[in-house]
Each structure stands twice: as C-alpha cells, then as structure tokens.
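A.B. asks: Protein chains in written order, with the working numbering: chain A, 1 to 110; chain B, 1 to 114.
Accuracy of the hints is not assured; some may be wrong.
In silico contact screen, one side only, chain A against chain B (beta carbon under 10 Å); selected entries [what the hints assert, rightly or not]:
1. Glu-45
2. Ile-74
3. Tyr-87
4. Lys-97
5. Leu-98
Ranges between beta-carbon positions, derived for each pair [said to hold, decoys possible]:
6. A:Ser-53 <-> B:Glu-82: 41 to 47 Å
7. A:Ser-41 <-> B:Leu-83: 20 to 26 Å
8. A:Glu-45 <-> B:Asn-71: 20 to 26 Å
9. B:Gly-40 <-> A:Asn-13: 21 to 27 Å
10. A:Glu-66 <-> B:Arg-15: 51 to 57 Å
11. A:Thr-5 <-> B:Gly-40: 16 to 22 Å
Quick look at which bits of chain B chain A covers, simulated, 3 or more residues with Cβ under 8 Å [stated by the list, open to error]:
12. 42-52
13. 102-110
These aren't lab readings, by the way, just hints derived from the structure by calculation. Glycine included, each C-beta is placed from N, C-alpha and C at the ideal position.
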Amino acid sequence: DAKTTQPNSMESNEEEPVHLPCNHSTISGTDYIHWYRQLPSQGPEYVIHGLTSNVNNRMASLAIAEDRKSSTLILHRATLRDAAVYYCILSSGNTGKLIFGQGTTLQVKP
Amino acid sequence: ETGVTQSPTHLIKTRGQQVTLRCSSQSGHNTVSWYQQALGQGPQFIFQYYREEENGRGNFPPRFSGLQFPNYSSELNVNALELDDSALYLCASSRADRPTYEQYFGPGTRLTVT
Numbered sequence: 001d002a003k004t005t006q007p008n009s010m011e012s013n014e015e016e017p018v019h020l021p022c023n024h025s026t027i028s029g030t031d032y033i034h035w036y037r038q039l040p041s042q043g044p045e046y047v048i049h050g051l052t053s054n055v056n057n058r059m060a061s062l063a064i065a066e067d068r069k070s071s072t073l074i075l076h077r078a079t080l081r082d083a084a085v086y087y088c089i090l091s092s093g094n095t096g097k098l099i100f101g102q103g104t105t106l107q108v109k110p
Numbered sequence: 001e002t003g004v005t006q007s008p009t010h011l012i013k014t015r016g017q018q019v020t021l022r023c024s025s026q027s028g029h030n031t032v033s034w035y036q037q038a039l040g041q042g043p044q045f046i047f048q049y050y051r052e053e054e055n056g057r058g059n060f061p062p063r064f065s066g067l068q069f070p071n072y073s074s075e076l077n078v079n080a081l082e083l084d085d086s087a088l089y090l091c092a093s094s095r096a097d098r099p100t101y102e103q104y105f106g107p108g109t110r111l112t113v114t
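Only chain A is shown next, with the shape it has when bound in the complex:
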C-alpha cells in the first residue's frame, strides 16, 4: 500500500488561508488522493479527492503536483470549526480501502 507523509501538527490564525502538505512519492498511476478530517469526538469526514487535476469544492481546494508525488489541501479561510486532524490518504485497489496515517493536527487560533 502506498504511504503518505504529513507534518504532525500545524497552526493557523482564524480567517487566514491554510496549506496542508502531503507527500506520497510511491503513488501509483491509478491511486486517487483523498483528504478526510476528523473533528474531536467524531468520525472522519470526507473533504475532497482528486486524481491528476486540481479540484475545488465548497470545503476546500486540492492542489496536486504535476508528478503526483505530493499534494496540498487548501482551506481558503480557516475558522475555529476547522480545527481537526487532517488525513491525506491514497485509495487502494478496487475495494476503496482507506489507509490512514497519523494525519496533521490543525490548530486554529482566534
């Protein structure tokens, strides 16, 4: 299973953009890049996913490097409710099995 590497923690100020990096140098050509987040005392929540092109949705943007060996989740304006553990995950085969790492704990300061 391809692995991802993320910083353990990051801090941001409220109302400012946040860029959460993820390295996945062993990604295969058919692996999708997924981002999930987990707020305290809740199950993980789907944020966004992509294959090769940059993606935008109402929650965030996903910027994927041209060689696909890294990606960045962008929260355009962080709010206190965005404080969570953010997981960068590569999909695995046809089962859609998600391999979670340790994730990045994002703290948002008022």
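Assemble the complex: chain A is given as a structure, and chain B must be docked to it using the hints.
C.D. replies: What follows is chain B alone, placed relative to chain A:
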C-alpha cells in the same frame, strides 16, 4: 438523506467475551467498511462488505467477523475480546459504483475491554 448511524455509542466488556456492533448505512449506499481507531492513532481498516460478502480485509485476525444484510446495514462481531481491542470502532458507507469510493463515517462505538 439519513446519515450513517452506529449502535451502541459506548460499550464495556470483559476480556474473553464476545461483542456485536451495528451500523446502518447512508441512504443509497451499498458498501460498508469497518475501521478500528485506537486512542491517538488513525483508523485502521478491518474489512469491507459489498452485496453481503466480504470484499477486502485488513490485517485483523479471524475473530473479527462481519455481516451485511439485504438492506445494506452491517454488523461487526469480535470474539474472545482482548484488552487491545479497546478502541473506537467506525463504520463507513459508500457507493460501489463510484470509483473513488468516498466514504461517509458514522460517529463510532467506543468499546472498552476490561
């Protein structure tokens, strides 16, 4: 649209006992996955069910077993409980016809084994 629900919310069992956890998938979803999340760790994939059959399994022993029912709800059964089985058990549902398999998680069942 009804989200993923799990029951019970919390459970305390004794080592050696058996436990059954339940999950109702989100409306329109036909695939259910189960994950174990130890304190301070990311979730670990246990297995996935599609069309009432196991469709992929993680590195968990056979005493972890599951079922999926015709209405796509699911059960996770754990036999001969060990202290290390104490964790948050998460259920996630998805649509098998979506190749990216976005998964929608329930709030989890907190299992404590004493």
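A.B. asks: Next, verify each hint and record whether it holds.
C.D. replies: Status of the hints after comparison with the structure:
With a cut of 10 Å, the hint placing A:Glu-45 at the interface with chain B holds, because the nearest CB-to-CB distance is about 7 Å. Below 10 Å, beta-carbon pairs count as interface contacts, and A:Ile-74 has none with chain B, the closest being about 19 Å; its hint is therefore violated. For A:Tyr-87, the interface hint holds, the least distance from its beta-carbon to any beta-carbon of chain B being 6 Å, beneath 10 Å. A distance limit of 10 Å between C-beta atoms decides the matter here; for A:Lys-97 the minimum to chain B is near 5 Å, and the interface restraint holds.
Contact between A:Leu-98 and chain B, as hinted, is supported at the beta carbon level, the nearest pair being about 6 Å apart and thus within 10 Å. Taking the beta carbon of each, A:Ser-53 and B:Glu-82 are about 45 Å apart, inside 41 to 47 Å as hinted. The supplied range of 20 to 26 Å is met by A:Ser-41 and B:Leu-83, whose beta-carbon atoms lie about 23 Å from each other. Judged by the Cβ atoms, the range 20 to 26 Å given for A:Glu-45 and B:Asn-71 holds: they are separated by roughly 24 Å.
In this structure the supplied range 21 to 27 Å holds for B:Gly-40 paired with A:Asn-13, their Cβ-Cβ distance being about 26 Å. At about 52 Å, the beta-carbon gap between A:Glu-66 and B:Arg-15 stays in the expected band of 51 to 57 Å. A hinted range of 16 to 22 Å for the beta carbons of A:Thr-5 and B:Gly-40 is consistent with their spacing of about 18 Å. Under the rule that three or more residues need a Cβ within less than 8 Å of chain A, the assignment of the segment 42-52 of chain B holds, with 5 such residues.
Interface restraint, the segment 102-110 of chain B with chain A: holds (7 residues with C-beta to C-beta distance below 8 Å; minimum three).
Comparing the model with each numbered hint stated earlier shows that hint 2 is the single one that does not hold.
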